[in-house]
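Chain order of the listed sequences is A and B. Mapped onto the numbering used here, the consecutive letters of the first sequence carry residue numbers 544 to 1011. Mapped onto the numbering used here, the consecutive letters of the second sequence carry residue numbers 544 to 1011.
By construction, these hints were calculated from the structure, which means they are not laboratory data. Predicted model only: the values in this text are computed from it and were never measured. From the three backbone atoms N, C-alpha and C, an ideal C-beta is built for every residue, glycine too. Take the hints with a grain of salt, since some may be wrong.
To be verified - These stretches of chain B come out as covered by chain A in the derived footprint (C-beta under 8 Å, 3 or more residues): (1) 966 to 972; (2) 982 to 988.
Said to hold, decoys possible - Within a straight-line C-alpha distance of at most 20 Å, the following computed EDC-like cross-link-like pairs (lysine to aspartate or glutamate) qualify: (3) K964/B / D642/B; (4) K775/B / D962/A; (5) K775/A / D642/B; (6) K775/B / D642/A.
2 protein chains.
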Amino acid sequence: MSKCVCLFFVIKISYLYKSTAAEGSCKLKAKFNLRGYKEVEKKTVVIGGMFPVHQRLTDTDSNTTIAPESSDCEGFNFRTFRWAQTMLFALNEINSRNDILPDTELGYVIYDSCFTISKAVEGTLTFLTGQDEAVPNYRCGDGPPLSALVGAGGSDLSIATARILGLYYFPQMSYASSCSVLESRFQYPTFLRTIPSDEHQSVAMAKLVLHFGWTWVGTIAAEDDYGKYGIKRFKEVVEEAGVCISFSETLPKIRNPEAIERIVQTVLDSTAKIIVVFSSDVDLSPLVGELLRNNVTNRTWIASEAWVTSAAISRHPDILPVLGGTIGFAVKRADIPGLKEHLLSVTPYNDTLTEEFWGIVFNCTMNYRQVLSGMRRCTGEEMMEKLSNTFTDVSQLRITYNVYKAVYAVAHALHNLEDCKPHSGPFENNTCADITKFEPWQVQHKLTVFFIFYFVISFITIMCFPFS
Amino acid sequence: MSKCVCLFFVIKISYLYKSTAAEGSCKLKAKFNLRGYKEVEKKTVVIGGMFPVHQRLTDTDSNTTIAPESSDCEGFNFRTFRWAQTMLFALNEINSRNDILPDTELGYVIYDSCFTISKAVEGTLTFLTGQDEAVPNYRCGDGPPLSALVGAGGSDLSIATARILGLYYFPQMSYASSCSVLESRFQYPTFLRTIPSDEHQSVAMAKLVLHFGWTWVGTIAAEDDYGKYGIKRFKEVVEEAGVCISFSETLPKIRNPEAIERIVQTVLDSTAKIIVVFSSDVDLSPLVGELLRNNVTNRTWIASEAWVTSAAISRHPDILPVLGGTIGFAVKRADIPGLKEHLLSVTPYNDTLTEEFWGIVFNCTMNYRQVLSGMRRCTGEEMMEKLSNTFTDVSQLRITYNVYKAVYAVAHALHNLEDCKPHSGPFENNTCADITKFEPWQVQHKLTVFFIFYFVISFITIMCFPFS
């Protein structure tokens, strides 16, 4: 944390009247309720980030006769919180290095997308404004220029944000959105990623099924683009080879116990013992609970990369008889020297995300009212080093490493943008871009060139579940 | 045209600097290239509209070293141009009536979405600003309040716009987006429509197949949410009843002759003679051309409502041997008294959309340069009455009637909003909304109530192709 201070902020924009020279009065149209990290003061360039730190929105009042409010989020996720902290770690590291952007300080604006498209769109519109308030088609204030967005998490979130960012030729560097449709340069002109496309994974899963000579399989897909496109491509390949599909089920995106029970019944009724699941761990979790309750054993599960290595799935008690022997393809594992120390150094002050995390792991609170009502007070002196949980576990860094690479890719592109000989630059009339005042499409140009010439996206490795 | 003058406008926003009192300088982030109609001067309330008048974007320069520009559109569509004109007709009619909004003049902002998600998102962001410039999270200027958006055309366009409009609790009333996922109040809280959900259509198509005892069918779906979800539900129902799927093909969204040839080859190779197609007419057209070239006869086609009544498909010469006998479900037909006269009264002046239409149907130009290069000059005296084309054909008003109903639904909601007894209103503390200064969620409340109590969405009727 040598050169960088994390400031927490909650944006809760009130209906606000302000005047502009050209337009008379402007009125903010909605209150967005966003949480995250921000540090832009005295920085040269700002990088955006978006991580699904919470798993869902809280229920809102369905009364249509009062002014609605932007939802809050719930379901704190230790794994994705580690991703967000990894972005902060990478930025600190780059800021302290002398070989990348030696004279340029990187700032950041990071939002929690709450695993929800609407929150991701709220974050994108607010981020594009450049400051705390959302004026999406304008860049307001005299702050440092925005360079790129690292995010937004799952494929359906990235598709929604890429559609808006693309209009502004604004680069997006994703670490976890593997859906094959995001390959389309026509639909998503500024989308890049540090995770391979599901085109490879779906075909590999199909070849796995064919390799073992399985000819009768069931499929389960999440109700989003990741699940739909992933399983569609898988089916195309296996059906062409003569494999028959016993059932095709879809996991609901919002809580629906009846649908989950119905899927378990289908699994039980079917004679297919091989079941292919294309889903995130968050969407799959309710089904795993129901499979455990029904003691559904004697099946072989083929897992997509989003859940095959997930602790949220493997930590279910008594999981082995149900999911033991599951196979799938995982994103390659890597080490990030220094990350463990960074994760252990987080403190619960001035930051409600870490405060919430702290309260959960140490079973205490920093909220005065909750202390009065009998909850144990956090002292802030609790020992992170003694913890052993998904957040501090750096033995299986996969998506985490993709986050790290994504931040470095943006930094390298900015470095190349800055490192430009006058009159020999890549832009019109051999001009260079000015690192203190550039256009997003200029970063996009550098990122694309960087990806073509220097970047090797990790191959996916085969994985057995539960992994050691 | 008694109370309303259609003004044409092209927004081509330049990079623009302006200062706001609170934020220092604001800079527009992108140039949007939007075409449409606008009339807001001296109006009380503004209704938005979005229609896919053109079929695709023009190719843009792929050079990444120069500043990119928002694309223009091409492929003028007579049918969807009729939809846009129907909205203008309905607004004129309402403005001249004394029983609906007697003291309130409705204005409009209508954009061409060019059948493309990116253009629809550009239009939505610009529309939300309220004026010609796009400051989406702000409502700028002292213009009349925005009430709702009628649009945006196909389901994938509506999904993209609904995700943004929903954040602002802004009502959207769709006339052609039948995709079942749009039912979700959680994902699309302010989306309503005057077309039934595909849930009914997919099940009806499945029952049709089962009714005739067909057990071996092929499926073709457009590469969008309409096609994907429509065919998915169809498959679920027929597969449960023991029908087998011979092949599942996907129609590309962008020009791809090889993919189309491959689909025709699959159709030729398959022994399945029953083929179910869930697609818009625009996306299906290239396949129909290729089927004709290969003289693919002896198949029975099951059509979704988006193409079963489309003149763009049925006007192909020699279509009968290939698609004769096609059956499907169509949106109910209706008459709109006075519409024919309105359509025949369009003039090519001050409006580049009608100017383009005029040039195409009369094979002339109003562009001075093109006249100099030898093209025939339009006199403006050409006789619309002598024309017989898809635009002026009012014998099969289906989606057109949905547009008409959508505009009336918004007008009725506004009427109910205005018609409110002081101290007996529906909002907090029994207050009423002010028709000159209301919030979008208040219109949404009225629209929802209106839909629940008064609106009966037309049932779909069975249709044989080519219809008489």
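Each hint tested on the structure:
no.	hint	result
1	966 to 972	holds (count 3)
2	982 to 988	holds (count 5)
3	K964/B / D642/B	holds (17 Å)
4	K775/B / D962/A	violated (51 Å)
5	K775/A / D642/B	violated (53 Å)
6	K775/B / D642/A	violated (53 Å)
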